[in-house]
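Please construct the entire structure, taking both the sequences and the accompanying hints into account.
Going down the list, the sequences are from chains A and B.
So that you can map any letter, position 207 of the first sequence is 207 in the numbering used here, and since no number is skipped, the others follow by simple counting.
So that you can map any letter, position 266 of the second sequence is 266 in the numbering used here, and since no number is skipped, the others follow by simple counting.
Worth double-checking, as some hints may not be accurate.
For the chain A half of the interface with chain B, some residues (derived, Cβ under 7 Å), not all of them [what the hints assert, rightly or not]:
(1) L35
(2) R68
(3) I250
For the record, the hints were derived by calculation from the structure and aren't laboratory data.
Keep in mind the model is a prediction, meaning the values are calculated, not measured.
Here a beta-carbon is modelled for each residue, glycine too, at the ideal position from N, C-alpha and C.
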Amino acid sequence: MAEPISRRGLIAAGGSLLLAGCDKLNGNPALRGLLISAEDAHRASQRLLTGGALAPEFAENQRSPNFRSNGNATAAGNAEWDRHAAENFARWSLRVDGLVMRPLDLTLEALKALPQRSQITRHDCVEGWSAIGGWTGPQLGTVLRMASLLPAARYLVFHCADRFGPTPYYESIDLIDAFHPQTILAHTMNGGPLPTGHGAPLRLRVERQLGYKQAKYVMRIEARASLAGLYGGKGGFWEDRSDYAWYAGI
Amino acid sequence: MADQQPASQQPAPGALVRRHRLSTRLWHWLNVITLFVMLKSGLMIFNAHPRLYWGIYGANFDHSWLQVTHRGDEGILRIGDAVFVTTGLLGSYRDAGGAVQFHAFPYWLTLPSNYSLADARLWHLAFAWVLALGFAAYLLWSLLNGHIRRDLHITRGEWSPAHIWGDIKQHARLRFPTGAAALRYNVLQKLAYGSVLFVLLPLIILTGLTMSPGMNAAIPALLDLFGGRQTARSLHFLAALGLVLFFVVHIAMVLLAGPLNEVRGMITGWYRLPKDRDHG
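Structure representation (C-alpha cells):
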C-alpha cells in the first residue's frame, strides 16, 4: 500500500507543530505574565528563608586563579569615564542623590577613609559560571546613612559609565539588600585597585544575587521611591531589555 | 494498585482491574508537561555556558570536564580528554532557515527555539515550583496511602541477586508477567521507579536549589553536601540525563507491553490483565 505521508514525515511534522506551539506559548502575553509572576514567589520565599543570613565567604586559597569579567569589559568611549581613567580616577567622585537629605560627592579617598569591609565571595553569572574573588570597600549602608535617606526612599539605583550601544548600564536593589552587611562598594579586588574589566573605579557587590546585579563603573547612586519612570521601569538594563528577573537570588 | 488478595480471589487474566490511583495518574500527566518544559528550557540555559566543572568555582579559564564547542563548522563534544564530532546534534546545526548555528543544543531541543537565556529562565524557574511542589505532594500522599510501602518497597527476597538476575533474563527475552502477577511491580520496575522517586528527583531539586546564591545564604549546608556550586551544576545536568534515560526505557517498555492498555491504565486507572502467553 502506498503511504501518502511517511511515518518519519509525520513525526517530523508533529515535532515542528510542537516546536511552533511552544514558541507561540512563549510569546503569549498572559502566559508570560504568569511565568514572570513566579519571580514574586522566588523573592518572597527566599527573603523568608534567608532573613539577614550572609552569603558564604571563602579562604584566600579558594579564589579563582583567573577571575573572568562579566558584562562590559570596559567603559571606554564614555568621555567622562575616559577623562577620569586618564587621571587614574584622582578627581573622580561618586554622586549620591535622589531621595536623600544630604546629597554627597565622595572621592575614592573619601570612600577609602570610611570603615572598610573585606570579603572573599563567589560571583555567579546568570549564564552558569562562577568565580571566587576578594573585594574591599565601605558598606553601602555606611554611605546611605551619611546621605540620610528620606522616608519615601525604597530603591537604590546604580547609574554606570559602561554602555550597551547608546544605553548606559543601570541596576537597582531594595533597602533590604542595600543595608545587608555584605553589600559593599568595592574599590579593591584581590588586594589591588579594581581593574578596568571589573568596573574601575567602583563596583557594587550584592552577594546574594547574580552577576548582572553587581553594577560596575558606578558613577551615581540615586535613591528613589519607585522604579517606574526609570528607563523601561523594570529596574535594570537586562530587566528592561529582555525580562531578566529584577530579584536575581536564583 | 490493588491490595494483595488470596489466590482464590485474584482476578483472572483478561479481566479489567483498577491499576493506578488518581494521585499517581494526575502526577504522571503533570510530569509529562513539567519534565518536557524543564528539560527543554534547561538545555537552553546550558547553551548560555556549555561547560561543566567540578568544585566550588568554574569559568572559562578553569578546567571543565565537559564542553560543547565547535571547530570550524564541526560540532564538538569534549568529555575529559575525549573529543567527539557531534555536528547536527551538539555544537553545530542548521536552524529552521538552513543557517549554520553554533549553540550547544540545537533549536529543536530548546525552549524557546531561538537563543534566549532570559526566556528559558522564566520557564525553568516557574515550572521548578510545579515540579518541586508536585513531587512533595505525591511523595507525602504515597507515604500516607501506603503506595510506597505496598507497591514500591523492595522486599528482602527481591534484593537477592538470583531474583534480580531472573528478572533481568525475563526482561531480556521480553517476557512480561501475565495475569494477576502483572498487577505487581517486578523488582526492575521497582528499582527504576525508586531511582526516580528517591534519587533523581530529590537530586535534581536539591542541586537546583544549590545553584541559587540566595539559597546558599539560607542553607549553606547544601553547598557542603554537594561539594560546591559548580559540582552541583554538573550533578544537576547528570540527573537530568538520568531522567531522560528513564524516559527512553519507560516509553520502550510501554510500547513493548501494549501501549493502548498501558496508556488507558494511566488515564482511566483501568487496566486489562495480560493473558497467558500462547506457548503453541
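Was the hint right that I250 (chain A) lines chain B, CB cutoff 7 Å? holds (4 Å)
Restraint satisfaction for R68 (chain A) [CB to CB of chain B, less than 7 Å]: holds (5 Å)
Hey, does the L35 (chain A) contact hint survive, CB to chain B under 7 Å? holds (4 Å)
Checked against the numbered hints given earlier, the structure satisfies every one of them.
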